[in-house]
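Visitor: Chains as they are written, first to last, in our numbering: chain A, 1 to 323; chain B, 1 to 297; chain C, 1 to 375.
No lab work stands behind these hints, which were simulated from the structure alone.
Backbone N, C-alpha and C define an ideal beta-carbon position, used for all residues, glycine too.
Any given hint could be a false lead.
With a cut-off of at most 20 Å between alpha-carbon atoms, the simulated SDA-like pairs for lysine to any residue come out as follows [as the list claims (entries may be wrong)]:
| hint | chain 1 | residue 1 | chain 2 | residue 2 |
| --- | --- | --- | --- | --- |
| 1 | A | Lys141 | C | Met349 |
| 2 | C | Lys263 | A | Arg226 |
| 3 | C | Lys263 | A | Gly58 |
| 4 | C | Lys86 | A | Arg226 |
| 5 | C | Lys365 | C | Leu277 |
| 6 | A | Lys138 | C | Lys133 |
| 7 | C | Lys133 | B | Ala140 |
| 8 | C | Lys182 | A | Thr223 |
| 9 | C | Lys269 | A | Gln30 |
| 10 | A | Lys144 | C | Leu357 |
| 11 | C | Lys263 | A | Val59 |
| 12 | A | Lys141 | C | Val102 |
| 13 | C | Lys182 | A | Leu308 |
| 14 | C | Lys133 | B | Asn182 |
| 15 | C | Lys263 | A | Gln34 |
Sample of chain A residues with no beta-carbon within 10 Å of chain C, all distances over it, derived [said to hold, decoys possible]:
| hint | residue |
| --- | --- |
| 16 | Leu112 |
| 17 | Ala167 |
| 18 | Pro176 |
Pair ranges (Cβ atoms, derived) [what the hints assert, rightly or not]:
| hint | chain 1 | residue 1 | chain 2 | residue 2 | range |
| --- | --- | --- | --- | --- | --- |
| 19 | A | Leu308 | C | Lys365 | 38 to 46 Å |
| 20 | C | Phe117 | A | His174 | 17 to 25 Å |
| 21 | C | Ile210 | B | Asn226 | 33 to 41 Å |
| 22 | B | Ile228 | C | Pro118 | 43 to 51 Å |
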Amino acid sequence: MSKSLHQNSNSDQLANSAQATSEGRTTGMQVLRQLQEEHRQSESGLGKAHFYNRVALGVLWGATGITIGLLAIILIYVIVNGIGVITPEFIFTWPRGVNAEGGIWPTIIATLYSTGLAMAIATPIAVLAAVYLAEYAKQGKIVKTIRFAADSLASVPSIVMGLFALAFFVETLHIPLSMLAAALGLSLLMLPIIMRATEEAIRAVPRYIRWGSYGMGATKWQTVSRVVIPTATPRIITGLILALARAIGETAVVFYTMGIAINMPIVPIDSGRSMSVHLYLMAVEGINLPAAYGTAFLLLVIILVLNLSARWISKRYSRIDGA
Amino acid sequence: MPGRLKNATIACQLLVTLVLLAVVFSLSACVGGHFESTIVVSGSTTLLPIAEVAAQEFEAIHPEYNVLVSGMGTSAGIEAVGITGTADIGTASRELRGDEQALNLIEIPVAYDGIAVIVHPTNPINDLTVAQVRDIFTGAVKNWSELGGDDLPIVIINRDEASGTRSAFASSVMDGQTFEINSVVLPGTGQVREVVSRTPEAIGYISVGFVEPRHVDTIVKALSLNGIYADDENIISGEYPIARALHFLTNGVPTGAVRQYIQFVLSPQVQQGAVRDAGFLPVTADDLERFHSGGGY
Amino acid sequence: MSERQTNTLDTPDNSDTSDQRSTHKADAAATADSLRTDANPDKTSLTRTPTVELKDFADTARAGQAPPPPRPATKLQLVSRSTQIKEASLASLFFLCAFFAVLGVMLIFAFVAWRAFPITHEIGLWNFLTGTKWSVAEGTFGAVPFIVGSLVMTGGSLVFGVPLAVLTAVFMSEVASPRANKIIRPAVELLAGIPSVVVGFFGVVVIVPIVANLVGGAGFGPLTGWIVLSIMIMPTITTLSEDALNSIPMGIREASYAMGATKWQTIWKVVIPAAKLGIIDASILGMGRAIGETMAVLMVVGNAPQIFAGISAPISTMTSQIVLEMGYSSGVHRTALFGLGAILFLISMSLVLTVRLLSREHRKKTRKVKKGNTA
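Make the full structure from the sequences, and use the hints.
Guide: Here it is as structure tokens:
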């Protein structure tokens with residue numbers, strides 16, 4: 001429909017539209033005719049089309065309202081129930097007793113430890129891979145394969161990632177259930193996100209900057225490392241932050257790789273319990289719901305802050321770019 | 001333009017720092033030092049909280065020891081202590097089965113647990129026989145009116161197959177028959193309790209200790225079975241029909257640090273503290289004597 | 001050419017109105033691509049000498065002419081051999097990193113499949129795929145209840161989620177003012193960022209009791225799951241659909257308005273059909289998200305290994321069954337759970353493949369149209 005409209009919209013084809021209509025095809029002219037007809041039929045001048053228009057726009061408003069409403073309800077619910085729980089004691093002390101009263105400090109550390117480690121593992125690989133795709137690779141079969149693999153990796157269900165991490169890192173490589181095993185699993189999750197963000201960032205670097213560098217006799221690596229990547233860094237960091245936010249909320253990957261017991265991780269092969277797993281256990285055990293609300297609140301706040309700072313960075317640097 | 005370049009340079013340095021961090025992290029992964037004496041406890045998630053709390057308190061008294069507790073299920077715990085030897089103590093919330101009995105593991109009871117059958121407080125039924133409970137959970141009885149209650153379809157709340165509570169319930173009640181498939185399977189005790197407390201048609205089962213926990217203001221009603229109430233006395237005496245012992249498993253008679261830790265778990269501090277808090281019953285004087293005499297297992 | 005280059009200058013800017021932005025985006029991408037192919041005709045030779053480097057410029061300068069045959073680099077060598085070697089080894093290091101993605105996917109499939117493989121002799125592949133009974137106690141493992149469960153959950157959540165998401169996307173791209181979008185877009189992105197375990201928690205404490213009051217029973221089941229899942233997949237579909245809508249050239253809309261069409265007529269008869277493929281892509285990716293979603297589903301569907309028996313009867317999915325039982329499984333049971341993992345992997349792979357084939361098909365079509373126009 002749109003195509004025929006688009007093609008017929010140039011003047012010489014408009015003349016043929018009457019013929020096209022007689023052939024039963026819907027064209028732009030036909031739409032117009034219909035409109036005029038409807039307009040003529042309506043007495044008030046505000047025709048059926050306008051009525052539909054209003055209804056439909058109302059529906060659009062409604063749908064968007066529902067979307068925003070859902071977000072607002074979840075946020076408000078968690079905030080209202082969670083904020084009362086948050087005290088310095090809740091954040092900075094250990095859970096006490098069998099019902100995990102007290103704080104959630106070790107779970108916060110375990111979460112930050114494992115995601116930080118995952119980011120440290122995934123970032124160099126993903127950034128260099130993106131450099132290869134954007135700067136070095138010849139657009140051909142290999143690039144297509146790599147890109148397809150990255151897309152696939154991004155769509156692997158997180159529980160399958162967890163299964164793999166358990167089967168490979170824990171049971172085959174004999175890494176104990178630990179920060180390291182969880183981080184390796186999480187880094188697979190973050191890899192495609194960072195890769196994509198970096199590649200887009202590098203591609204957005206204007207070509208003439210590179211020419212300048214080459215023109216001064218710089219080699220490819222010099223150009224990439226001293227000109228292209230620094231220019232692309234704000235956007236790369238934005239991607240990193242978003243990947244981090246994703247990993248912090250992840251549960252299925254760490255459920256069978258990090259261990260479940262509460263522990264303060266010191267070295268990477270220490271086990272622990274992440275905030276997301278803690279929230280899950282508190283929610284299904286249901287004995288200490290305040291702790292669950294508090295944990296959910298903290299998780300949301302961390303993710304909110306990360307998302308907002310990612311937006312802030314990209315905005316700030318785009319302003320500088322524009323100036 | 002120079003300002004922008006400067007910004008970019010700083011950002012680039014940040015990135016390099018990240019990369020360096022990665023290297024440092026991966027290196028430290030290989031080094032990792034540990035305490036002189038580490039006790040590894042692994043197994044049942046039911047016993048996890050007790051083992052954990054006991055470990056914290058134990059470490060406070062004996063800072064030279066490090067107790068690592070992890071919960072992956074009873075089967076994993078048995079494998080870890082009996083076959084692979086990766087754990088010093090396995091925790092079990094069920095009896096040893098088949099092949100596992102040939103592993104020569106020593107079972108040390110650390111707590112007792114009775115399982116209460118719970119219904120909504122408005123349910124007129126107060127007592128059922130074990131056979132009636134079985135009929136409900138196999139799906140043979142589908143309406144409360146068949147048991148003398150209101151005309152409501154029964155909603156069965158079951159536990160997941162990984163649950164020790166479920167296997168204890170199955171072995172004392174189900175008599176080899178399978179559970180009704182159209183039942184809600186929930187992964188936690190608290191959830192079962194919460195759902196039963198707000199669903200008039202529901203029936204479920206939880207550890208006796210969770211029928212009236214602290215901090216929770218919802219109400220469920222525990223039924224008496226064959227006319228016997230699920231109180232401490234009836235559970236330990238074995239008169240109440242659905243009860244189980246929770247065990248620590250060791251490969252051979254425990255010695256040294258492992259023995260000290262188990263001794264601590266059996267001390268009143270843990271038995272009246274964490275064990276009671278977790279909703280379980282303390283071990284009897286007979287059990288303690290058996291442990292302290294060092295043999296008899 | 002010069003006009004295009006000015007476009008590239010301000011690509012990172014994304015603060016202006018959506019229509020301008022979209023044209024910017026499309027143009028910039030095209031320019032970047034064309035420039036890349038112009039500037040580096042010989043990216044294969046990674047150990048390039050400056051002679052070749054200079055040749056790049058020569059090429060761009062007299063674009064269109066046939067490139068001269070590369071001269072042997074032995075005579076004029078501005079860069080030492082060691083630098084060349086360094087450049088080459090760096091390039092291959094980058095390739096290795098890029099290959100990590102391929103390696104990752106292959107490893108994941110290999111390990112999950114390897115662990116699942118014993119199904120063929122322990123259960124029998126056919127028995128596993130067509131068995132309708134899953135009972136650990138009896139040692140029967142049939143995957144049908146979970147496959148059906150996953151499909152029912154995914155299908156239902158698409159029915160709820162896609163219309164809501166697409167309508168929101170249309171609103172953002174066609175109706176909302178840039179100022180309104182400054183609120184809506186971050187909100188949608190934020191919704192996408194809420195971890196599934198938090199949504200699941202919200203589902204357990206809020207939605208489950210509501211559903212229990214509405215339809216009776218305990219409140220666990222597909223209906224609750226659909227609501228929770230559509231919350232999870234909606235942001236994905238909204239964001240991707242909005243991208244698709246924004247990439248429709250403004251001219252099409254203007255043509256429609258010029259003919260007197262109302263806003264809705266333009267949206268319904270022009271914009272949506274033009275962005276149809278992008279919206280379908282978005283829905284497929286949303287579907288992938290739904291089928292792989294784990295924690296939120298686990299917490300609200302009731303996890304009974306039975307085949308769909310009504311919107312309020314408990315049901316289980318592949319993902320939730322894996323989380324629920326993995327911890328204590330051993331032997332055949334564990335193999336069967338890995339089997340479910342392998343099925344999940346294959347389904348998500350085939351969805352990615354479908355998206356790929358669809359866009360290829362689309363590209364072919366548009367190419368044909370273009371050729372037809374010029375001929």
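Visitor: Now tell me if each hint is right for this structure.
Guide: Hint check results:
no.: 1; hint: A:Lys141 x C:Met349; verdict: holds (19 Å)
no.: 2; hint: C:Lys263 x A:Arg226; verdict: violated (49 Å)
no.: 3; hint: C:Lys263 x A:Gly58; verdict: holds (12 Å)
no.: 4; hint: C:Lys86 x A:Arg226; verdict: holds (16 Å)
no.: 5; hint: C:Lys365 x C:Leu277; verdict: holds (12 Å)
no.: 6; hint: A:Lys138 x C:Lys133; verdict: violated (51 Å)
no.: 7; hint: C:Lys133 x B:Ala140; verdict: holds (19 Å)
no.: 8; hint: C:Lys182 x A:Thr223; verdict: violated (36 Å)
no.: 9; hint: C:Lys269 x A:Gln30; verdict: holds (12 Å)
no.: 10; hint: A:Lys144 x C:Leu357; verdict: holds (13 Å)
no.: 11; hint: C:Lys263 x A:Val59; verdict: holds (13 Å)
no.: 12; hint: A:Lys141 x C:Val102; verdict: holds (13 Å)
no.: 13; hint: C:Lys182 x A:Leu308; verdict: holds (13 Å)
no.: 14; hint: C:Lys133 x B:Asn182; verdict: holds (12 Å)
no.: 15; hint: C:Lys263 x A:Gln34; verdict: holds (15 Å)
no.: 16; hint: Leu112; verdict: holds (15 Å)
no.: 17; hint: Ala167; verdict: violated (5 Å)
no.: 18; hint: Pro176; verdict: holds (16 Å)
no.: 19; hint: A:Leu308 x C:Lys365: 38 to 46 Å; verdict: holds (41 Å)
no.: 20; hint: C:Phe117 x A:His174: 17 to 25 Å; verdict: holds (21 Å)
no.: 21; hint: C:Ile210 x B:Asn226: 33 to 41 Å; verdict: holds (38 Å)
no.: 22; hint: B:Ile228 x C:Pro118: 43 to 51 Å; verdict: holds (46 Å)
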